[in-house]
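> Listed here are the chains, written in short residue letters.
There are 2 protein chains.
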Amino acid sequence: MSCAHILKRFENELQSLRIRKAVIFGESNIAYLTGYKGSGFLVYDLDSSTITLYVPPLEFWRAQKQLKVSARVVAYSRLVKSLSKEQFSSVDERNLEEIAFGILDSSPRVGADLSYAPMELFLKVVGSANLSDKVVDITNTLRALRSVKTSHEMEYIKEATIRTERALKKLVEELESAIASKQNITLGSIKGELIKLLYLEGLESLAFDPIVAAGELTAYPHPPTIPERSLRDSAHIVLDVGGTFNLYSTDVTRTVVLAHNEREVRPLLEALISAYYEALDAIREGVSASEVDAKARKELERAGLKDYFVHGLGHGVGIDVHEAPVLSPLSSDELKAGMVLTLEPAVYFKGRYGARIENVVIVESNGARVLNTLELAW
Amino acid sequence: MSCAHILKRFENELQSLRIRKAVIFGESNIAYLTGYKGSGFLVYDLDSSTITLYVPPLEFWRAQKQLKVSARVVAYSRLVKSLSKEQFSSVDERNLEEIAFGILDSSPRVGADLSYAPMELFLKVVGSANLSDKVVDITNTLRALRSVKTSHEMEYIKEATIRTERALKKLVEELESAIASKQNITLGSIKGELIKLLYLEGLESLAFDPIVAAGELTAYPHPPTIPERSLRDSAHIVLDVGGTFNLYSTDVTRTVVLAHNEREVRPLLEALISAYYEALDAIREGVSASEVDAKARKELERAGLKDYFVHGLGHGVGIDVHEAPVLSPLSSDELKAGMVLTLEPAVYFKGRYGARIENVVIVESNGARVLNTLELAW
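Chains as they are written, first to last, in the UniProt record's numbering: chain A, 1 to 378; chain B, 1 to 378.
Hints were generated in silico from the structure; no laboratory data involved.
Be aware that a few hints might be false.
[Stated by the list, open to error] Here are the simulated DMTMM-like cross-link-like pairs (lysine to aspartate or glutamate), alpha carbons at most 25 Å apart as the crow flies:
hint, chain 1, residue 1, chain 2, residue 2
1, B, Lys350, A, Glu86
2, A, Lys306, B, Asp92
3, B, Lys170, B, Glu155
4, A, Lys298, B, Glu86
5, A, Lys124, B, Glu86
6, A, Lys124, B, Glu27
7, B, Lys306, A, Asp92
8, A, Lys124, B, Glu323
9, B, Lys37, A, Glu27
10, A, Lys124, B, Glu155
The model shown is predicted, which means the values in this text are computed figures rather than measured ones.
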């Protein structure tokens, strides 16, 4: 992790907002700044140059182990009263509300990623009349910071992508041989095998619940999981999957055309690939995200498919599989060098079938770099 | 789903709060009331006896398919302006904030599960001075409703438990034979195989990222996932896992003692099993959750292990794997017949090793019914 570099950028942002103290509630924001991902909250104090990570007792040792920055870890909760102090080198016996009130009350101006604050805490403490006017919402500051990746972050996303693609490729090879030998294959067995292959490639977790759809289920952007459904007679299968590596996610989709009925799906895939390349060609620093979306949408319009593309073209990817920026007709984001984006053109014919492809790309000053190495059409 | 029965209970609760209109934001709350789980929000209007589910366009068809109650599904987002109206039988071209403001402004008293409201929406709309005094927080109303299960809900949790246990049992059999044939086994391969077996048992998703820990990783209540770590020379392995069935979760933990070094772990397991039975014996309607926790803790104290049990004894389980009630020394919950709980006594020796067992039980008027069938010690 290049946490020192990231912390420096964060500190600069706080200074430009005239904030000397910040409380970070979002799990992914804490992971971004420290390397620890789990319950708890972070207090960043520029005056004393200290970082304090408050966690429940059950996360205390893991937090100490996973921290990539110099920070004090404190076990909080009134539960620790009943536990041996030898277990925890640093404890705070107050509950979350009491600790948060103490921090907010001690400083005239505190930054907080309010969009990630626990709502119950907010309703009781942060939003109370005497405190809310001293709290500055830094949700968007962190979103913007996180949207532009360091070279380390790019490497982790690339590694997640390459390993996820290896698992996908193996799955499709296994599928082809199972189909050739006329085995009955269920969507549950495909999903299970795909996830197993991801762990065998050394990915540390799933970035999201993978999508494995065939038949009319491919007409849903987010299909229900029906484990017992047979693959038999399906013209194609949509696989949307991503693992995480060093906390960072990827997100890859392939539509695999099976041996039969391929005349239905091939023309769709060709239109999606054209839309993908139109969008890819438009990517460079300074271009608006909505313009990139429009390029893909226009190409689908040319193929008579515009009305069947019912979501945005893509999204930023990082610690969260969906993060800033947003690529859609409604987006006001502007692309910056170092952003890592998915491009996922798709078509869905209601009640019938659909198709989607998805790659991950890095925005550069003068173009885009694709992280995927798998072919788009299978 | 027995959604009609659940809706009736919910309606009674609203009436006793003198609420005629409610907005539900929590994904699990919406799933509880309708059968649809995904992005969106629900508007419940007692005066017109209508339920309206607002979803993004990409979830429109799935929502229509998964609804178990009579409700109107509306695709919202300004994106639909650019899409063919034939695709969506019902659209609202406003964004979430505009729709929410309209609902809140139209009624003198609106219930909302505020703890699940999107914070950005709350900061802009719900929390604004002219609206916040007409909004009644029904977060705890829904938590309390959901904590007492219908017979259907119990059946789904039981089915999830039995299927999860079948996968666990197969995994351990495979593990034993792999160990006997001296194969090198990694934690990643165990985790992948476990998840594959869950899908082969027909579970529809993971209730949470399964825990697969061996060696000093068992000393962490929530250990990091290290896929490449070998099982070699580990005295035992901790497996904490649960799939979902018909939206409902389970949560099962077993500590599997391997062939070697079992003298370290066996006595711990015996203490955990005694603690589990002490707690189980205390469960019945009307008992406080903290008392059940205390029974287990006292038994661990007798074995000199009290300081090493650093979390609560258990939690409610349902659509969410962690829901009301809480079993801990700090809990103020009282047990009611129909609650479904986990009991998960554990010990963790910092930096060395630990062990945990976990079962799911139903509170009855005069005792407890255990859903698990697997033996506690392996």
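> All hints are to be evaluated individually against the structure, with a verdict given for each.
Here's how the hints hold up against the structure:
1. Distance check on the hinted pair: B/Lys350 and A/Glu86 sit about 10 Å apart at the alpha-carbon level, within 25 Å; holds.
2. Simply put, A/Lys306 and B/Asp92 have alpha-carbon atoms about 20 Å apart, close enough for the 25 Å limit, and the pair holds.
3. Our distance criterion of 25 Å between C-alpha atoms is met by B/Lys170 and B/Glu155, whose separation comes to about 23 Å.
4. Restraint check for A/Lys298 and B/Glu86: the C-alpha separation of about 20 Å stays at or below 25 Å, so the hint holds.
5. Annotation: proposed proximity of A/Lys124 to B/Glu86 is violated, straight-line Cα distance about 46 Å (limit 25 Å).
6. A hinted pair counts as satisfied when its Cα atoms are at most 25 Å apart, and A/Lys124 with B/Glu27 qualifies at roughly 23 Å.
7. Distance hint between B/Lys306 and A/Asp92 is fulfilled; the C-alpha atoms sit about 20 Å from each other, no more than 25 Å.
8. For the hint pairing A/Lys124 with B/Glu323, the CA-to-CA distance comes to about 21 Å; that is within 25 Å, so the pair holds.
9. A C-alpha spacing of about 23 Å is found between B/Lys37 and A/Glu27, which places the hinted pair at or below 25 Å, so the restraint holds.
10. Annotation: proposed proximity of A/Lys124 to B/Glu155 is violated, straight-line Cα distance about 37 Å (limit 25 Å).
Hint check: violations occur at hints 5, 10; the rest are consistent with the structure.
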